[in-house]
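Protein chains: 2
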Amino acid sequence: MKAAQIDSIDGGSVTTPRGFYAGATYAGIKKKDKNSLDLGILFSEEPCTAAALFTTNRIKSAPVLLCQQRLQNDRAVAIIANSGCANASTGEQGLADAAEMTALAANSLGAAPEDVLVASTGVIGQPLPMKLIKAGISQIVLSSDGGHELARAIMTTDTVPKETAVTAGTGNSEFTIGGVAKGSGMIHPNLATMFCFLTTDAAVESDFLKSALRRAVDISFNMISVDTDTSPSDTVLIMANGLAENKPISKNSQPADTFQQALEQVCIYLAKAIARDGEGATKLIEVTVNGAISPVEAKLAARTVVSSPLVKSAVHGADPNWGRILAALGRSGAEVVESKIDLYIGEIGLVKGGRPLSYRERDVVRVLKQSEVPINVHLNLGTASATAWGCDLSEEYVTINSQYMT
Amino acid sequence: MKAAQIDSIDGGSVTTPRGFYAGATYAGIKKKDKNSLDLGILFSEEPCTAAALFTTNRIKSAPVLLCQQRLQNDRAVAIIANSGCANASTGEQGLADAAEMTALAANSLGAAPEDVLVASTGVIGQPLPMKLIKAGISQIVLSSDGGHELARAIMTTDTVPKETAVTAGTGNSEFTIGGVAKGSGMIHPNLATMFCFLTTDAAVESDFLKSALRRAVDISFNMISVDTDTSPSDTVLIMANGLAENKPISKNSQPADTFQQALEQVCIYLAKAIARDGEGATKLIEVTVNGAISPVEAKLAARTVVSSPLVKSAVHGADPNWGRILAALGRSGAEVVESKIDLYIGEIGLVKGGRPLSYRERDVVRVLKQSEVPINVHLNLGTASATAWGCDLSEEYVTINSQYMT
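Taken in order, these protein sequences are the chains called Z and A.
Positions in the first sequence are counted from 1; adding 72 to them yields the numbering used here.
Positions in the second sequence are counted from 1; adding 72 to them yields the numbering used here.
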């Protein structure tokens, strides 16, 4: 069997797959800075099979509640998204506003309101400025290159837009997957909302689309500490419009693996982009745990290390304080035996069988000063592995978050 | 029945209870600054009934492993403690060094080595400098006022010593409880070691002493996020020498409640002192959750709010970003219903039934600028309550922790 080819597309965006259009405007919801955009629409010319994952927070924003209801039929044609106001903790009025926002977008798009989804990010507890949103929607011009504008419109404390696209397939079943994400708060759990909107021109059966999304999210966004520590608005959505005219991909069909791999590649790319752009971050930390007794424990250990404020602070200062990594492993809940642990920073072995090795500190410092810092742990207890991503913790993080509202 | 009187003692320390002596020296284990002390001994002239709680981290320091073994007979007469080196991740050599440290202290005190305990805090993965420790022990002079020196000798990034004593009793059964603690890292879980050494001249039966300590720790040190997120060295120890000559206090004896209350008062005082002195902290945050459906859920909710980096950053900047408090409650795992939540900052109501109230921002900012910031949540689902303590998150925290080793 020929291996599937998956290629990333230069300048790819959420509108790279066939039949997707997007646009954005500055409606005045968030404070203006240069190039500000705060309201955008993503639209497919054909109805899509859609699947989504939402926050597990018991407090859910109005847009999340509305989307959960609308996606019961696994169908969507568009999503409207804004930054600057989360429409969370806004009660009945918030639900009415979210519904009206989709109705206004539907009217502008010539679509049915029940096929339009909505996502909002920003300050919690303030009502949506519906006049601004109404006026803004009328200004949005959709285009097949509009993915880049949408990427900017959903940014809050993000410093860079996050988007990508890949093309994949074997022979006559070629398809494209695009994605856009926002989120800058993954430096710590629960910090800020994350969105990821994914598009594909592949035809995909609904059940497989759901399971493929779940699997891809589990090894990407859920490995940057987003899972149980979610904001009330977190949303990952995929829309598949079928314009690649392939036979719908299902669990056992031939391109299922290729689709899964391509989707995972897009999700990991965007998840890493979020981690790298964590508030105040100066570098990406990649923690890989090998030799755990189960995949669940490998994930737990990797996530605990990458989210430890002590480890993050040490990486920020390029301080080779490996005892903190061991302490994080020890409290992670994963089975660990100190005398079996090997630890590497980059290629440099620091600990072997739980005991410090002799190493040249300046070599370790050099790795810790890189823009990507790999931390590799071998628990030597089993065969399971996992990788988690995060970023360093800087003084700037605190500065940003002590002045968010005021 | 006459209510028990519990009075705190001005200038009280761990040597305030009858028959306890302490002393400390600068042995050269940690970097010297003015008034540096890094090695101390606490000694009782009578053998003590002892109970202790240790870290739940799967990686335990050599002193913790040794103490667990020695306390199987519930008996101790002394503890030797140092700062500057944790003797953790040091393998067989570490265990041998810990045992030798107690033997040296025992020799100096004229006690049996198996009655001497040990505690070490500081950098992980480096061997104890045994020559310095041996020389240091010979310099220590014990006195009945030496508790203050011990309090300084166990400090690492602590900025103030933490000690207290109370006297309690009804009529002819009067006793004293003293305590000393260290720990500055509770601004985030797993940051640094915490020690608390408690002394009492009360005679206390061993089983009751254990359960009383567990109960007191559960509502004090375990409410500043120390429980599952422990360092390899965390130690809480109580020694009861019986010099008050009371009938040994047991579960059902008349002074049991008074002893429990007095012990809780000492532990809460010291726990708050640790939270207030968190690395980089400028204020104490006290989160009380009422109306939870169970005590476990009340604790979970209170701890999640007080340890949220977003809430801590907002309090640091006196930013009334109450949405972050609701988001933390929502992800805490405790049962919450958004439309039932009431929230107060100090006496000021910000949220009623999940909806924002109108309030004067400058009034809330004034409370957030206090040295103690009370956050009160009413879940209105049940009758259980809990209080948790923490501190704000400042830029200084990151600065401290990015330069700890180097």
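Warning: the hint list may mix true and false statements.
Where chains are identical, the list cannot tell them apart; a pair therefore holds if satisfied intra-copy or between any two copies.
What the hints assert, rightly or not - 16 Å max Cα-Cα, derived EDC-like pairs, lysine to aspartate or glutamate:
1) Lys-319 with Asp-79
2) Lys-344 with Asp-187
3) Lys-282 with Asp-146
4) Lys-206 with Glu-467
5) Lys-412 with Glu-164
6) Lys-344 with Glu-444
7) Lys-282 with Glu-336
8) Lys-441 with Asp-391
9) Lys-424 with Glu-164
Read the hints as simulated data drawn from the structure, not as lab findings.
Quantities reported herein were computed from a predicted structural model and do not represent experimental measurements.
Checked hints:
Within a single copy, Lys-319 and Asp-79 get their C-alpha atoms no closer than 21 Å, and across copies no closer than 80 Å, so neither meets the 16 Å cut-off. With identical chains, the CA atoms of Lys-344 and Asp-187 are never at most 16 Å apart, being 31 Å at best within one copy and 53 Å at best between copies. When the C-alpha separation of Lys-282 and Asp-146 is checked against a cutoff of 16 Å, the pair qualifies only within one copy, where the shortest distance is 9 Å, while the shortest distance between copies is 57 Å. Proximity of Lys-206 to Glu-467 under the C-alpha cut-off of 16 Å is found in neither arrangement, the shortest distances being 39 Å within a copy and 41 Å between copies.
Taking the shortest Cα distances, Lys-412 and Glu-164 sit within 16 Å of each other only across copies (14 Å), while inside one copy they are farther apart (55 Å). In this homomeric assembly, Lys-344 and Glu-444 come within 16 Å of each other (Cα to Cα) only inside a single copy, at 11 Å, whereas the closest approach across copies is 38 Å. When the C-alpha separation of Lys-282 and Glu-336 is checked against a cutoff of 16 Å, the pair qualifies only within one copy, where the shortest distance is 13 Å, while the shortest distance between copies is 52 Å. Taking the shortest alpha-carbon separations for Lys-441 and Asp-391, only the intra-copy value of 9 Å comes in at or below 16 Å, while the best inter-copy value is 33 Å.
Within a single copy, Lys-424 and Glu-164 get their C-alpha atoms only as close as 58 Å, which misses the 16 Å cut-off; across copies the closest is 15 Å, which meets it.
Violated hints for the displayed structure, listed by number in ascending order: 1, 2 and 4.
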